[in-house]
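Trainee: Full structure from sequences and hints, please.
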Amino acid sequence: MRWFYLVIILLLPGLAAAAYEAIPLAENPQVEARLKALAVELRCLVCQNQTLADSNAPLAEDLRREVREMIVKDMSDKEIIDFLVTRYGDFVLYRPPLKTSTTLLWVGPFLLLIGGSTALVFALRRRQKKLIEVSLSEAEHNRVAQMLSEGANRP
Amino acid sequence: MIPEIGHFALILALCVAVVQGSLPIYGAAVGNSALMSVAKPAARGQFLLVLLAFCCLGYAFAAKDFSVLYVAATSNSQLPLHYRLAAIWGAHEGSLLLWVFILTIWMVAVSFLSAHLPEAMRARILGVMGLVSMGFLLFMLTVSNPFERLIPAAFDGRDLNPLLQDPGMVIHPPMLYMGYVGFSVAFAFAIAALFGGTLDAAWARWSRPWTTVAWCFLTIGVAMGSGWAYYELGWGGWWFWDPVENASFMPWLAGTALIHSLAVTDKRGSFKAWSVLLAILAFSLSLLGTFLVRSGVLTSVHAFATDPKRGLFILVFLAVVTGGSLMLYAWRAPRVGLGGGFSIISREGMLLANNVLLVAALGSVLLGTLYPLFLDALDLGKISVGPPYFDTVFVPLMTPAIFLMGIGPLAQWKKASLPELAMRLRWAFGVSVTTALVLPIVLGHWSPLVSLGLLLAIWIATTIATDLRERLAHTDGNSLFGRLASMPRSYWGMVVAHFGLALFITGVTMVKGFEVEQDVRMNVGQTATLGGYTFRFDGTQQYKGPNYIAARGTIHVSQDGHDVTVMYPEKRRYTVQNQTMTEAAISPGLLRDLYVSLGEPLDDGAWSVRLYHKPFIDWIWGGCLVMAMGGVLAISDRRYRLAWRRKDVEVPATTQMARQTVS
Amino acid sequence: MNRFLIPLGIFVVVVVFLGIGLTLNPRELPSPLVGKPAPEFSLPQLHDQQKVLSTNDLKGQVWLLNFWASWCGGCKTEHPVLIQLAQSGVVPIYGMDYKDRREEALAWLKEWGNPYPIVAVDESGRAGINYGVYGVPETYVIDKAGVIRYKQIGPLREDILQTKILPLIRELQNQ
Chain A
1 MRWFYLVIIL LLPGLAAAAY EAIPLAENPQ VEARLKALAV ELRCLVCQNQ
51 TLADSNAPLA EDLRREVREM IVKDMSDKEI IDFLVTRYGD FVLYRPPLKT
101 STTLLWVGPF LLLIGGSTAL VFALRRRQKK LIEVSLSEAE HNRVAQMLSE
151 GANRP
Chain B
1 MIPEIGHFAL ILALCVAVVQ GSLPIYGAAV GNSALMSVAK PAARGQFLLV
51 LLAFCCLGYA FAAKDFSVLY VAATSNSQLP LHYRLAAIWG AHEGSLLLWV
101 FILTIWMVAV SFLSAHLPEA MRARILGVMG LVSMGFLLFM LTVSNPFERL
151 IPAAFDGRDL NPLLQDPGMV IHPPMLYMGY VGFSVAFAFA IAALFGGTLD
201 AAWARWSRPW TTVAWCFLTI GVAMGSGWAY YELGWGGWWF WDPVENASFM
251 PWLAGTALIH SLAVTDKRGS FKAWSVLLAI LAFSLSLLGT FLVRSGVLTS
301 VHAFATDPKR GLFILVFLAV VTGGSLMLYA WRAPRVGLGG GFSIISREGM
351 LLANNVLLVA ALGSVLLGTL YPLFLDALDL GKISVGPPYF DTVFVPLMTP
401 AIFLMGIGPL AQWKKASLPE LAMRLRWAFG VSVTTALVLP IVLGHWSPLV
451 SLGLLLAIWI ATTIATDLRE RLAHTDGNSL FGRLASMPRS YWGMVVAHFG
501 LALFITGVTM VKGFEVEQDV RMNVGQTATL GGYTFRFDGT QQYKGPNYIA
551 ARGTIHVSQD GHDVTVMYPE KRRYTVQNQT MTEAAISPGL LRDLYVSLGE
601 PLDDGAWSVR LYHKPFIDWI WGGCLVMAMG GVLAISDRRY RLAWRRKDVE
651 VPATTQMARQ TVS
Chain C
1 MNRFLIPLGI FVVVVVFLGI GLTLNPRELP SPLVGKPAPE FSLPQLHDQQ
51 KVLSTNDLKG QVWLLNFWAS WCGGCKTEHP VLIQLAQSGV VPIYGMDYKD
101 RREEALAWLK EWGNPYPIVA VDESGRAGIN YGVYGVPETY VIDKAGVIRY
151 KQIGPLREDI LQTKILPLIR ELQNQ
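Protein chains in written order, with our numbering: chain A, 1 to 155; chain B, 1 to 663; chain C, 1 to 175.
To be clear, the hints were calculated from the coordinates, so they are not data collected in a lab. We put the beta carbon where it would ideally sit given N, CA and C, even for glycine. It is possible that some hints are incorrect.
Said to hold, decoys possible - Covered stretches of chain B, going by a simulated chain A footprint (3 or more residues, C-beta under 8 Å):
(1) 235–243
(2) 381–388
(3) 519–528
Mentor: This is the structure:
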């Protein structure tokens, strides 16, 4: 196969001239990496439920361009996010900011975990206590039954 | 005429469902055997009627009958036959028909495989399923009739959404619904037991295989949905924490918890009330998912066309079914007995702790999914809850669960000793920690999450190895194979399923940690190198598909000068809906996927192309498949085979005992 | 209390919220800009590219800013409402031609009528981003002090105009 390509390259100088490295679309890979990191946490506003990174909607492209320019201007992540939030509201953030209204959202899972574990430990303890009581009363019950039957057997 | 037959069959099916949902339950309550015996034929009759309706709709699609509104809305004369048939469940009405059809399949299965159940129990189970099916048939016949006529008939159909024109569409929804609806069996068992007051260990033993089968289907269904999103959406993601995905993931979590709590109930007769609650929960979450997807209350990638009337109907249905069951639960559950005792540190204790973690994870997914709705309803603003949130809360919840998963199978039933467990597991722990720390460095990129992921995966694998080694040491037999084969299938089921999870975690960790991608502008003959592979773009060609036109790119991939593969990513335009679709080309492999998608055409024949190198990504779905295989192994255990056969051949007690000693 | 009632209690709460959810539209986003000063712009005019339209020129009056484009379907739907409002002379409607081609925009206005005294051109979509536009048409009510008072997402309808926007405009004009 390699021979075949070699022949083609030798025979067709035009093609050989075209065989060079493709150019990355991004002019500056570092900027693009930061853009990507930001864009996966941002919501495309016109889409059903897609991140800014995934969407090809025109508005998403505009916003990516806008964010890219802000990155080039060396604005911090917080400044960029603030820029978007003042215009589109918290809706644009896939990671909801911690506020009074979102406290339950962020604390809830861990409350569930702690509450659940505590409930489990209590349930298991109470269960064990009850089991001991039950078995005791069962033993007593048996003794009563035995005594009664012995009594009944007595003339 | 055919669509009217289908419509009529659905009406008859509704009548049968009413009978099935009332007489047997009443018969069981008053002890009337004649009424109870209605259940079986009713279930089978209903199945045949819904099957007939299903075939009628299929015929309408096959025959391109565009005088049926639903057919005209979701297919087109140019659409290939297999997609026209898959279009049966391509939108709301038809997918509901699929839902009911699968429900009747499960009913028939119960009617055939319930010979060992007491008659009253069977009557109640089928009765409850009849009530569920009644609700859905009523739903279809009132506000979502798939057989509604379009007069005058459309000249041609509006075509199936191009996203759905994919082999995944043919099998993913049936699998997923088999799972969702399958939980209705466990649900019906639970309600029947609450009705009858026969909530005992036998109930758990009967429910277990049904739950496991449904869980297997759901596992495969969810995994297929994820795989489908991966190759069809064209940007390489495989899980988006979208409401629709969460709607399928929540019943899965509940089902997983149920499988484990049923194990405790079966073994110890304890935590019956909890298992019943989980059974109700699993099915209720399936219903909730149906509501979320079809009511339009949440914005999602793949929501059905929505209609508030439908939303209201499902919500009322959900309120009746789940609210009613939970009321019954609150009334009956306090009287459930305690069952056998066990200490907090024991296999039972660990299974239940895992249950708590799974339910906490489930609660978090529910909270995150519904939170935007809560805030909106309270007029506190609109927010989005997306992948960053779920990733943040899910990992800390699942980490202890997976840690426990390694220990649990080695702990003794009833009472275990922590120091002893620590001794037995010290090797597994040492190996996992060392490997997890060193391996990422060897692979060239260390990050805490990569290490954590690998730690969990290797922990599962090493604890399984420890367990197997110990068990082999305690098993008599000549050959290694003989000793391995003598272990019960249910044990193997657990091992395989847990191992599947280890594979899954490996896949997720490797993809998240080591995936590389590049956006390049490629002219004909140009190359780009990524992950050690060289991609050469050989231009695009136009071609015409059955109902689309496409630009198909050719990309030669080589590694170290050797040809690896040729990939053909496409950009399609579906002519009827004038929708553009990116068909990514994927070269799958055990250790990596190469993923190429075409972006936009640029000047002079160049295209923007996105290249990905995704290590171990197929392990994600492979892991799920292995998990499901574990489930299949578990239900092939001899005790279920015996149980299902018991009615036909009464096994003499002595032989039965002899068999048990053999195992 | 009966702890077996807890699941039922949680479920009832969820169902109530889901019920409320049915009456809401998740696609309707309130703008955080309502109550805030309208973002400034200074953009070339559609009909005379040499001139600019600037927010500074519009201070001291109540005005509407309508984002539209010739390629937008919803804009045609709301167009008669805009024309009628313009003819009534209650309030000036300034147009913002959003990401459009000049000739097509001009042709569109010629064909369907021009309700705008001046149309500014937002070719790059940047003014749109500053106003938090996510889909045309969108219409803003801006008061004498240059503060956004209301945002209409999607086509302007006669009923919304009568019940919400016109009363608001009268109130703002009387301030």
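Trainee: Does each hint fit the structure? Answer for all of them.
Mentor: Each hint, compared with the structure:
Counting residues of the segment 235–243 of chain B whose CB lies closer than 8 Å to any CB of chain A gives 5, which reaches the minimum of 3, so the coverage claim holds. Counting residues of the segment 381–388 of chain B whose beta-carbon sits less than 8 Å from any beta-carbon of chain A gives 8, enough to reach three: the coverage restraint holds. Under a criterion of three residues with beta carbons nearer than 8 Å to beta carbons of chain A, the stated coverage of the segment 519–528 of chain B is upheld, 10 such residues being counted.
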